[in-house]
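Given the coordinates of chain A, assemble chain B onto it according to the supplied hints.
Number of protein chains: 2
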Amino acid sequence: MIPYSELDRTALETELSAVTEAYEAVKAKGLKLDMSRGKPGKEQLDLSNDMLKILPDREDCLDGALDVCNYGNLCGIPSARQYFAELLDVKPSEVIVGGSASLQLMYNLIATAFSHGLLKSPAPWSKRGKVRFLCPSPGYDRHFRVTEFFGMELIPIAMTPEGPDMDAVLQWIKDPSVLGIWCVPKYSNPDGIIYSNRVIHMLASMKPAAPDFAIMWDNAYCIHEFDGAYVPFPDILKICAEYGNADMVYEFASTSKVTFPGAGISCMCASEANIAYFTKTLGVQIISFDKVNQLRHVRFLKDKPTTLALMQRHAAILKPRFDAVCDALDREIVPRGIGRYTRPKGGYFVSLYAMPQTAKRALALVREAGVTMTPAGATYPYGQDPFDSNIRIAPSLPPVEELEQAIGILCLCLRIAALEQLLRGNVN
Amino acid sequence: MIPYSELDRTALETELSAVTEAYEAVKAKGLKLDMSRGKPGKEQLDLSNDMLKILPDREDCLDGALDVCNYGNLCGIPSARQYFAELLDVKPSEVIVGGSASLQLMYNLIATAFSHGLLKSPAPWSKRGKVRFLCPSPGYDRHFRVTEFFGMELIPIAMTPEGPDMDAVLQWIKDPSVLGIWCVPKYSNPDGIIYSNRVIHMLASMKPAAPDFAIMWDNAYCIHEFDGAYVPFPDILKICAEYGNADMVYEFASTSKVTFPGAGISCMCASEANIAYFTKTLGVQIISFDKVNQLRHVRFLKDKPTTLALMQRHAAILKPRFDAVCDALDREIVPRGIGRYTRPKGGYFVSLYAMPQTAKRALALVREAGVTMTPAGATYPYGQDPFDSNIRIAPSLPPVEELEQAIGILCLCLRIAALEQLLRGNVN
Numbered sequence: 164m165i166p167y168s169e170l171d172r173t174a175l176e177t178e179l180s181a182v183t184e185a186y187e188a189v190k191a192k193g194l195k196l197d198m199s200r201g202k203p204g205k206e207q208l209d210l211s212n213d214m215l216k217i218l219p220d221r222e223d224c225l226d227g228a229l230d231v232c233n234y235g236n237l238c239g240i241p242s243a244r245q246y247f248a249e250l251l252d253v254k255p256s257e258v259i260v261g262g263s264a265s266l267q268l269m270y271n272l273i274a275t276a277f278s279h280g281l282l283k284s285p286a287p288w289s290k291r292g293k294v295r296f297l298c299p300s301p302g303y304d305r306h307f308r309v310t311e312f313f314g315m316e317l318i319p320i321a322m323t324p325e326g327p328d329m330d331a332v333l334q335w336i337k338d339p340s341v342l343g344i345w346c347v348p349k350y351s352n353p354d355g356i357i358y359s360n361r362v363i364h365m366l367a368s369m370k371p372a373a374p375d376f377a378i379m380w381d382n383a384y385c386i387h388e389f390d391g392a393y394v395p396f397p398d399i400l401k402i403c404a405e406y407g408n409a410d411m412v413y414e415f416a417s418t419s420k421v422t423f424p425g426a427g428i429s430c431m432c433a434s435e436a437n438i439a440y441f442t443k444t445l446g447v448q449i450i451s452f453d454k455v456n457q458l459r460h461v462r463f464l465k466d467k468p469t470t471l472a473l474m475q476r477h478a479a480i481l482k483p484r485f486d487a488v489c490d491a492l493d494r495e496i497v498p499r500g501i502g503r504y505t506r507p508k509g510g511y512f513v514s515l516y517a518m519p520q521t522a523k524r525a526l527a528l529v530r531e532a533g534v535t536m537t538p539a540g541a542t543y544p545y546g547q548d549p550f551d552s553n554i555r556i557a558p559s560l561p562p563v564e565e566l567e568q569a570i571g572i573l574c575l576c577l578r579i580a581a582l583e584q585l586l587r588g589n590v591n
Numbered sequence: 164m165i166p167y168s169e170l171d172r173t174a175l176e177t178e179l180s181a182v183t184e185a186y187e188a189v190k191a192k193g194l195k196l197d198m199s200r201g202k203p204g205k206e207q208l209d210l211s212n213d214m215l216k217i218l219p220d221r222e223d224c225l226d227g228a229l230d231v232c233n234y235g236n237l238c239g240i241p242s243a244r245q246y247f248a249e250l251l252d253v254k255p256s257e258v259i260v261g262g263s264a265s266l267q268l269m270y271n272l273i274a275t276a277f278s279h280g281l282l283k284s285p286a287p288w289s290k291r292g293k294v295r296f297l298c299p300s301p302g303y304d305r306h307f308r309v310t311e312f313f314g315m316e317l318i319p320i321a322m323t324p325e326g327p328d329m330d331a332v333l334q335w336i337k338d339p340s341v342l343g344i345w346c347v348p349k350y351s352n353p354d355g356i357i358y359s360n361r362v363i364h365m366l367a368s369m370k371p372a373a374p375d376f377a378i379m380w381d382n383a384y385c386i387h388e389f390d391g392a393y394v395p396f397p398d399i400l401k402i403c404a405e406y407g408n409a410d411m412v413y414e415f416a417s418t419s420k421v422t423f424p425g426a427g428i429s430c431m432c433a434s435e436a437n438i439a440y441f442t443k444t445l446g447v448q449i450i451s452f453d454k455v456n457q458l459r460h461v462r463f464l465k466d467k468p469t470t471l472a473l474m475q476r477h478a479a480i481l482k483p484r485f486d487a488v489c490d491a492l493d494r495e496i497v498p499r500g501i502g503r504y505t506r507p508k509g510g511y512f513v514s515l516y517a518m519p520q521t522a523k524r525a526l527a528l529v530r531e532a533g534v535t536m537t538p539a540g541a542t543y544p545y546g547q548d549p550f551d552s553n554i555r556i557a558p559s560l561p562p563v564e565e566l567e568q569a570i571g572i573l574c575l576c577l578r579i580a581a582l583e584q585l586l587r588g589n590v591n
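Taken in sequence, the protein lines are chains A and B.
All residue numbers for the first sequence refer to the working numbering, where the first residue is 164 and numbers rise by one.
All residue numbers for the second sequence refer to the working numbering, where the first residue is 164 and numbers rise by one.
One chain only, chain A, in its complex shape (with noise of 0.2 Å):
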């Protein structure tokens, strides 16, 4: 197959001429697929079944002696503390157990921070004048925009194979008025990197001008391998304390995609005197999580080899639909040198960087044909992809064939988009 790049102005136009008849071919059937969000299908869902009927009366509801259907235990269940630290690698003391949300425990500590301050804060960031967070990119739209939500610049980072640019990182946090920055370690949403170990020490041993710099350690995908066997990680919490950092970071898990995204428990992993510090503020708004749903889950996933057990089944279902994006990538636009992606392992995401100033032509389209797919710009901050290149394809939600469709007519979109592009000549 011969890269666009290298075919002549006639070419390009029979190519485009034939292309658009196909994509007009596929517009006519009216479809409507939805590669939008990282949003578990049916099938998986339904490997959770047994979950609902785990705690069929209330002589289950026991955690020890516990009660869990009353009010108390602010910090979680002891059983679902210690369940998260087996999996995170942490000390059951050094969790809190949430509610639905991970976001939700995200949200809050920089909300508490904007009002109140963090634990070594020497005041509020609401009075600390221009505040700045540093936003790896491409990256999550939600972190982003809870940090933007507070009126904070968001300062993009760029993305390498290994993690963030350490050496933007590195220099930007010598500036006072930066005070965090978001991290997806593992299977980064969406570019699926695993933060190299180099990286991981960089990060851990930064001694930022703010003293109350965070580092907000999003473990969303902790488990979440579908290619190959569970891989390890490191706890960025002991690692951060052996360079004297031990409050400077907080990590976020939860078990959205482990049974259910609408009903899951989330935990936030941090030092003692950081768990000490959100007791404190947390308990002016709640009195517990909900703890039967907490009991619930151990109940269910048990400790960590039962649940890393149910991965590689979520692993089977997954697989062969990040297969069918990945094959067709590889197979339409690869080869024809209009965009590039690297094969993830785990997470919930391709991310594919189309030819530059292509993506948002290439998504309009696709929009038109009746596939939703994650707008384009929205793994950057502000929604700004500064090359108009990056797409978040989320194959996790159709059905395999669904899913090809939605591909196929992705590709066609990827390639008119390109062609266009190379016809205005701006690129080629």
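To be clear, the hints were calculated from the coordinates, so they are not data collected in a lab.
All values derive from a computational prediction rather than experimental measurement.
Check the hints yourself; a few may be wrong.
The list makes no distinction among identical chains, and a pair is therefore deemed to hold if it is satisfied within one copy or across any two copies.
Straight-line distance between alpha carbons at most 30 Å, and here's what the computed BS3-like set of lysine-lysine pairs gives [claimed, not checked]:
| id | residue 1 | residue 2 |
| --- | --- | --- |
| 1 | K216 | K467 |
| 2 | K443 | K205 |
| 3 | K523 | K443 |
| 4 | K216 | K465 |
| 5 | K195 | K443 |
| 6 | K283 | K293 |
| 7 | K290 | K443 |
| 8 | K216 | K205 |
| 9 | K443 | K293 |
| 10 | K293 | K370 |
| 11 | K205 | K465 |
Chain B in isolation, oriented as in the chain A frame:
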């Protein structure tokens, strides 16, 4: 029985020595009893046993066509919005169904007002200089703490038998720094007062100087009669709207004392304009609350008549406990002229006004004898009861026999504190 105030010094001393002897005898027993919080007892929790098994399979997890196990539906599942709408006589479109804690929804509202402002705010509350909040007292300590946490000045407002002292309220709202009021309008915490129609209409028709004044209408005990039939209560949203104040009120409720305190569902009701505003701000922090638990509740509680029938079963458990407390007070305290209270017909508390300047001393003695109670002053802003008189008694948790022991000890301590006070000659 002769009121203590009519005893002479010798009689007071004789009585004190007799009561102290009785107190020392119970203290020696080394009891451990808890009347501190409005925590339902085990028998009450058992009433919702069948809710635990009401969604045993994935195929049951549908609300209409909606799979409640997946992401989505920030405002709650349709049937849960409908459920709370019926309960509170509002429209489903005026309801956001939250997680396990209405306190979290209230905190979130105040926190959002602080950082971003409310729908009609000229500026965030954090940028408004001094902010004041009206606190009808005695009231709920957790309410007061939320506004205190954000640095607001808490203004105590006296409670009358028909609600907050409206003369004081109407005076205060002329001040543009006064941005809201906490209300528990039915079976108020702790007095058990039901706001009169006159007070409700005066509140709903207020024209505060602050354009974003917020009535925090915590209808925590909306269906919580334990003595007699359900008492209908007007819809505050409609009344506010009639006075042109549709956006001034936020109503809260939960099933914490209907099903499980640790694992119920909660709601915020407000004008559709307010719901739209909060949907936007909540969307930054959460994708959806636990919709499986919402459906579990709707399937179990069904509708208002079914829920009211369940509340009658709670009532059958609660009434003997309240009777034990009130009968003891009627026997030991009221005739001695050292305390007054109004026998409540709903809610979770008995609010005793002990002889002024004796509450702290009495509760210190109570604690020494192994009984945990809400600390004196807790029902007032900053924990400061100007008369050192109000004592909140929470009879729901202990079994009746334990409760009788505990209230017996409280009565002894109240008598000791009153006798000591009279002997100091400060009151008599």
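Point to revise | Status of K370 relative to K293 across identical chains (alpha carbons, at most 30 Å) | key: So K293 and K370 pass the 30 Å test inside one copy only (20 Å; across, 37 Å).
Practice item. If the cutoff is 30 Å on CA atoms, where do K283 and K293 land: within, between, both or neither? Let me know, please. Key: Result: close both inside a copy and across copies, 18 Å intra and 26 Å inter.
Exercise for review: Measure nothing new, just compare the shortest in-copy and cross-copy C-alpha distances for K205 and K465 to 30 Å and report within, between, both or neither.
Suggested key: both (23 Å within a copy, 26 Å between copies)
Review point. Using 30 Å as the alpha-carbon threshold, which applies to K195 and K443: within, between, both, or neither?
Key: between (48 Å within a copy, 26 Å between copies)
Review point. Given identical chains, is K443 near K293, meaning Cα to Cα at most 30 Å, within a copy, between copies, both, or neither?
Key: This pair counts as both: shortest intra-copy Cα distance 27 Å, inter-copy 24 Å.
Review point. Between K216 and K205, at a C-alpha cutoff of 30 Å, which is it: within one copy, between copies, both, or neither?
Key: Intra 18 Å, inter 21 Å, cutoff 30 Å: intra and inter.
Review point. For K216 vs K467, is the C-alpha pair at or below 30 Å within one copy, between two copies, both, or neither?
Key: Answer is both: 21 Å inside a copy and 26 Å across each meet the 30 Å cutoff.
Check your understanding: For the identical chains here, do K290 and K443 meet the 30 Å Cα criterion within one copy, between copies, both, or neither?
Key -> both (21 Å within a copy, 25 Å between copies)
**Study point:** Alpha-carbon proximity between K443 and K205, which holds within one copy, between copies, both or neither at 30 Å
**Key:** between (39 Å within a copy, 28 Å between copies)
Check your understanding: When no copy is named, should K216 and K465 be tagged within, between, both, or neither for a Cα gap of at most 30 Å?
Key -> Both: 15 Å inside a copy, 20 Å across copies.
Practice item. Go through the copies and call it for K523 and K443: within, between, both or neither, with a Cα cutoff of 30 Å. Key: Answer is between: at 25 Å across copies they meet the 30 Å cutoff, but 46 Å inside does not.
In the structure shown, no violation is registered for any of the earlier numbered hints.
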